[in-house]
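A.B. asks: Chain by chain, the residues:
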Amino acid sequence: MIAPRENEDVWIHSVCDMCFAACGILAHRKDGVLVKIEGDPNCPASEGHLCAKGQAALIGLYDPSRVKAPLRRTNPQKGIGVDPKWEEISWETALDILTDKLAKVRDKDQRGLLISNFDHIAATYFIGGAWAVAFGTPNHHWTGYYCGNYLHSSMYLTNGSFHSDFDLDYCNYAILLGNQQGFMGGLNANVAARKMAEARKRGMRVVVVDPVGTNAAAKADEWVPIRPGTDGAFILSLIHVLVNELECYDREFLTHRTNAAYLVREDGSYLKEGRDGKPLVWDLKSQGAVPFDQADIETALEGSFVAGGEKCQTAFQVIKEQVKRYTPEQVAPITTIPADAIRRIAKEFGAAARIGSTIMIDGKPLPYRPVAVNIYRGAGAHKHGTHTALAVQMLNMVVGAFYVPGGHRGVNLVGPSRSWMPGETVEGLVTPPATIGRAARYYDFEDKRPEGMELHELFPISTNRSPMNQLNLQDPKMFGLPYTIDVLMVCRRNLMMNNVNPAIMAETIKKVPFVVTFSTHLDEVAELADLVLPEAHFLERLDFMPNTLTHTMSPATGHFYWGLRQPIVEPRGQARRWIDVLFEIAERMGFLGEFYGLLNVKWGMKEPYKLDPAKRYTMEEMYDRWMKSLFGPERGLDWFKENGYHKVARAIEEKYPGPFIKPRFPIYFENMLRAKKSVAKVASEMGREWDTEDYQVFPEWKPCPAYKDGTPPYDLYVVNFKIPFHALSVTTQNPWLDDLAEHNPYAYKILINTETGGRKGIKDGEEIWVESVAGKVKGEAKLTECIHPEVVGIAGVFGSWAKGKPVAKGKGVHFNTLLPISLERIDPVSTGVDSCIRVKVSRAA
Amino acid sequence: MVIDLKRCIGCYGCQLSCKAEHGTPPGVFFARLLKQEEGHYPTVRQLFLPVLCFHCDEPACVEVCPTGASSKAPDGIVDIDPDECVGCRACMMACPYSQRYFLDEQRHYFPGNGATPYEQARSERHPSGVVMKCNFCRHRISVGKEPACVANCPAVARHFGDLDDPTSTVSRLIKERGGYTLHPELGTGPAVYYLPA
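Line by line, the protein sequences give chains A and B.
Each step along the first sequence adds one to the number in our numbering, with nothing skipped, and position 800 is 800.
Each step along the second sequence adds one to the number in our numbering, with nothing skipped, and position 71 is 71.
The set of hints was computed from the structure by calculation and includes no laboratory data.
Bear in mind that the values here come from a model prediction, so they are computed numbers and not experimental data.
It is possible that some hints are incorrect.
Claimed, not checked - 27 Å max Cα-Cα, derived BS3-like pairs, lysine-lysine:
{"id": "1", "chain 1": "A", "residue 1": "K760", "chain 2": "B", "residue 2": "K6"}
{"id": "2", "chain 1": "A", "residue 1": "K760", "chain 2": "B", "residue 2": "K145"}
{"id": "3", "chain 1": "A", "residue 1": "K201", "chain 2": "B", "residue 2": "K72"}
{"id": "4", "chain 1": "A", "residue 1": "K278", "chain 2": "A", "residue 2": "K681"}
{"id": "5", "chain 1": "A", "residue 1": "K662", "chain 2": "A", "residue 2": "K278"}
{"id": "6", "chain 1": "A", "residue 1": "K602", "chain 2": "A", "residue 2": "K647"}
{"id": "7", "chain 1": "B", "residue 1": "K35", "chain 2": "A", "residue 2": "K809"}
{"id": "8", "chain 1": "B", "residue 1": "K6", "chain 2": "A", "residue 2": "K30"}
{"id": "9", "chain 1": "B", "residue 1": "K35", "chain 2": "A", "residue 2": "K347"}
{"id": "10", "chain 1": "A", "residue 1": "K809", "chain 2": "A", "residue 2": "K272"}
{"id": "11", "chain 1": "B", "residue 1": "K145", "chain 2": "A", "residue 2": "K811"}
{"id": "12", "chain 1": "A", "residue 1": "K347", "chain 2": "A", "residue 2": "K278"}
{"id": "13", "chain 1": "A", "residue 1": "K68", "chain 2": "A", "residue 2": "K510"}
{"id": "14", "chain 1": "A", "residue 1": "K641", "chain 2": "B", "residue 2": "K145"}
{"id": "15", "chain 1": "A", "residue 1": "K778", "chain 2": "B", "residue 2": "K35"}
{"id": "16", "chain 1": "A", "residue 1": "K647", "chain 2": "B", "residue 2": "K6"}
{"id": "17", "chain 1": "A", "residue 1": "K510", "chain 2": "A", "residue 2": "K809"}
{"id": "18", "chain 1": "A", "residue 1": "K201", "chain 2": "B", "residue 2": "K6"}
{"id": "19", "chain 1": "A", "residue 1": "K201", "chain 2": "B", "residue 2": "K35"}
{"id": "20", "chain 1": "A", "residue 1": "K763", "chain 2": "B", "residue 2": "K35"}
Stated by the list, open to error - Sample of chain B residues with no beta-carbon within 10 Å of chain A, all distances over it, derived:
{"id": "21", "residue": "E21"}
{"id": "22", "residue": "L47"}
{"id": "23", "residue": "I141"}
{"id": "24", "residue": "F160"}
Here a beta-carbon is modelled for each residue, glycine too, at the ideal position from N, C-alpha and C.
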């Protein structure tokens with residue numbers, strides 16, 4: 001594949017994989033050695049710039065601790081710190097063992113295979129809907145407990161896309177709620193960093209609401225420290241001040257672009273025309289209820305009416321009444337944010353929204369609403385996190401800052417040249433484009449007993465339900481699934497570091513009879529595996545389209561783009577790309593033809609490029625066919641290898657689709673009533689009592705368990721936060737990033753407010769214990785002014801313990817050890833695990 | 001060089017891009033990001049200050065160098081000739097900004113495993129027993145590229161150019177935005193300016 005020549009000196013297009021942003025890179029190879037990685041100026045995601053992680057990737061490629069050959073466990077005893085006594089075996093033997101185990105699963109019950117990975121390429125293009133279907137298991141998407149659970153579903157529901165984003169090109173006032181978008185975190189981090197710098201320079205005001213004084217807080221115009229888990233109350237209070245005190249809301253947008261004017265009955269459901277008809281609105285001209293989309297009407301946004309003898313009011317009227325519970329005075333003691341600050345921020349936000357104004361872009365007049373609230377993990381990673389995210393979206397909609405210049409937006413509502421468009425429900429509401437798939441449509445539900453480990457039907461308004469895998473494995477009787485997991489296959493995912501509580505997790509994994517992991521290192525998962533297969537480094541991989549168009553490509557890039565990750569050097573030792581191994585397993589087990597057939601569907605392959613199930617293709621041949629099927633015969637693999645990126649500039653309708661599309665955005669969640677019924681029915685079929693309280697038409701703030709748990713000595717909250725040069729646990733074995741972390745005052749420390757620490761007799765730099773009901777961790781105290789006095793902060797996913805990761809081992813503190821897992825501590829709608837808990841701290845000496 | 005503290009987001013991109021460009025040994029960063037807290041809770045923030053060799057007009061390090069290994073080139077770059085350096089470290093004592101590093105012995109990022117192929121490829125730039133420092137990526141600017149930290153900065157907070165040319169971007173930014181140097185009272189005349197946050 002690669003033929004390094006002597007005296008060669010080449011720059012090769014490829015794509016970074018140090019986080020999900022997937023920035024384009026140029027790799028400098030000299031005499032067969034990778035000597036530099038730079039951002040690819042031709043890539044709309046990197047524009048020639050890279051974060052520290054991307055720059056550091058090359059030293060990781062040469063890590064001597066990498067797994068170089070297949071290994072088989074010889075010690076039947078498993079546990080944290082127990083030597084597996086590895087025996088090196090050939091790939092042939094390894095695949096014999098694996099195929100034998102998988103064949104037995106397939107004979108017994110195909111659903112007994114569980115796949116866990118966070119490999120975007122594999123998950124997006126090969127496993128879901130293809131390999132897993134051909135094999136026959138529904139259990140193929142176990143990711144981290146933290147993985148956007150509440151966020152993605154709330155976005156699918158409100159903006160029809162996978163993510164939350166906002167328009168830094170025109171925004172003048174941004175509230176970052178528990179996230180650092182624009183400060184080297186989140187979606188298209190490099191583009192966002194540049195645009196954030198430009199926006200701040202031209203005067204955009206940034207308000208960071210976060211218990212931790214993060215990098216974003218450092219650069220914000222205002223840091224608003226908040227008590228963990230109370231973000232929803234803060235947002236609902238802003239809405240109250242805007243709609244009830246200031247009467248500042250976008251009537252035009254709410255009336256015509258949302259369901260705010262729909263008439264609702266006393267039970268919360270829509271008043272509809274006929275039994276299955278359209279929702280009705282109140283027409284002020286005829287003084288009667290008419291279908292929402294009837295022409296030539298004057299729609300009432302507010303008010304209570306009697307229609308067909310039934311009392312009803314507009315959804316917006318309900319919202320206005322409901323938020324009255326969240327006056328700044330009531331919310332201040334909940335959030336610790338002073339009432340006058342809440343009122344001021346609401347006023348500033350409302351004024352900055354310039355409701356009613358328009359802006360000309362590319363000759364088109366568009367609504368101009370240069371404000372946004374952006375939410376990501378921090379604010380929503382709590383029980384009831386879905387409510388918080390929906391409240392945020394309500395606020396964006398109240399001022400009309402939705403898919404218009406300056407405002408909030410999703411990532412992919414409209415495809416290149418309108419190749420995909422949002423769907424529309426019978427109620428006229430937006431649904432994600434068909435390319436996203438049925439699972440993200442939250443209006444009709446299948447009341448069937450769940451078959452998969454994730455229990456999808458019990459959580460119909462969710463994207464992934466990873467914590468349910470852990471609970472079901474821990475206690476197979478809990479939900480009584482008719483099968484057990486016999487083989488766990490892991491790749492590019494550290495189940496031990498990134499799941500809740502490693503002690504519980506280790507016991508859980510031990511219950512699975514056979515565990516195989518494709519690993520670059522003998523990491524914390526490998527320690528508990530039966531078979532370890534050497535995985536290729538991303539700089540050794542061939543991957544097409546790492547920048548997932550439908551999921552993680554912000555309009556901020558200005559383009560739609562397709563890239564190629566191509567290998568810079570040959571895989572180390574016997575390392576292989578696990579996707580290639582999946583093809584070989586399919587062939588050995590006799591379902592390769594079926595796999596090809598499913599890929600033809602998944603990739604939308606056109607003739608003459610479709611894969612022939614009777615033939616055999618190399619990965620290069622398959623990609624070449626896929627590319628030509630997408631872009632024509634001129635743009636095959638060779639073209640991508642040579643040129644790196646195929647890109648198409650976004651038209652204005654693809655940047656700001658709001659004014660150009662027909663479906664409305666829901667600000668009132670009537671579908672929740674139907675979801676509630678469906679969940680209750682499914683639960684009853686399963687013979688379970690089930691909490692359906694959170695399926696509400698209107699988001700509320702509800703205290704998460706930690707809020708209520710503050711009994712001595714567990715007097716503090718612990719939260720975790722992101723630093724800009726690490727992502728997940730995978731970057732911690734990189735020695736350059738470790739070197740940076742050692743230079744950073746916060747990365748490897750336990751942050752505690754100076755005054756709080758002083759009160760407890762804790763000195764800066766001394767060792768302390770942090771202990772929750774679930775576990776305890778020890779680390780170096782960092783007394784800081786940059787944290788809420790009730791909060792202890794721990795960064796990243798540090799604190800590795802595996803001997804196979806000598807750089808990472810023993811560095812920093814493992815936050816997840818402190819978290820318990822139970823049904824009581826997950827968001828009942830999305831399954832997101834509550835990521836804050838009460839702790840006590842004490843001096844270790 | 002001009003560093004715009006308004007644009008800087010404290011991401012450490014400069015610190016790592018410098019390391020990747022020069023292949024410096026463990027613990028050595030020619031470009032660094034300093035962080036400090038200012039104020040008291042809740043009116044407090046972290047301050048970010050990216051630093052590197054300031055390539056001073058009157059470099060104290062050059063003045064004290066007994067062998068002439070440290071010198072200031074006509075283009076303004078202060079550099080070290082490793083062949084001339086005897087490792088006396090007088091320059092390190094003299095530099096008021098602590099921007100010089102002494103490499104006592106070859107060290108690698110994976111201790112006990114020798115040098116990686118990458119480190120081998122970069123090792124000729126860093127002989128043992130001599131002092132090392134930022135040279136504004138002379139090898140890059142000689143082929144028309146910007147220094148690595150400037151070219152890479154994701155927030156585009158760095159600019160590189162000719163301070164003697166009043167029409168250059170750097171000169172214009174210093175004038176328009178009130179650019180300043182660190183500790184001008186030390187009298188060394190740094191050639192790295194900061195724009196206020």
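A.B. asks: So, for every hint listed, does it hold in this structure?
C.D. replies: Hint by hint, here is what the structure shows:
| no. | hint | verdict |
| --- | --- | --- |
| 1 | A:K760 to B:K6 | violated (37 Å) |
| 2 | A:K760 to B:K145 | violated (54 Å) |
| 3 | A:K201 to B:K72 | violated (35 Å) |
| 4 | A:K278 to A:K681 | holds (25 Å) |
| 5 | A:K662 to A:K278 | holds (15 Å) |
| 6 | A:K602 to A:K647 | holds (22 Å) |
| 7 | B:K35 to A:K809 | holds (25 Å) |
| 8 | B:K6 to A:K30 | violated (37 Å) |
| 9 | B:K35 to A:K347 | violated (33 Å) |
| 10 | A:K809 to A:K272 | violated (61 Å) |
| 11 | B:K145 to A:K811 | violated (37 Å) |
| 12 | A:K347 to A:K278 | violated (36 Å) |
| 13 | A:K68 to A:K510 | holds (25 Å) |
| 14 | A:K641 to B:K145 | holds (24 Å) |
| 15 | A:K778 to B:K35 | holds (24 Å) |
| 16 | A:K647 to B:K6 | violated (32 Å) |
| 17 | A:K510 to A:K809 | holds (22 Å) |
| 18 | A:K201 to B:K6 | holds (7 Å) |
| 19 | A:K201 to B:K35 | holds (21 Å) |
| 20 | A:K763 to B:K35 | holds (20 Å) |
| 21 | E21 | violated (7 Å) |
| 22 | L47 | violated (7 Å) |
| 23 | I141 | holds (15 Å) |
| 24 | F160 | holds (15 Å) |
Checked against the numbered hints listed earlier, the structure breaks hints 1, 2, 3, 8, 9, 10, 11, 12, 16, 21, 22; every other hint is satisfied.
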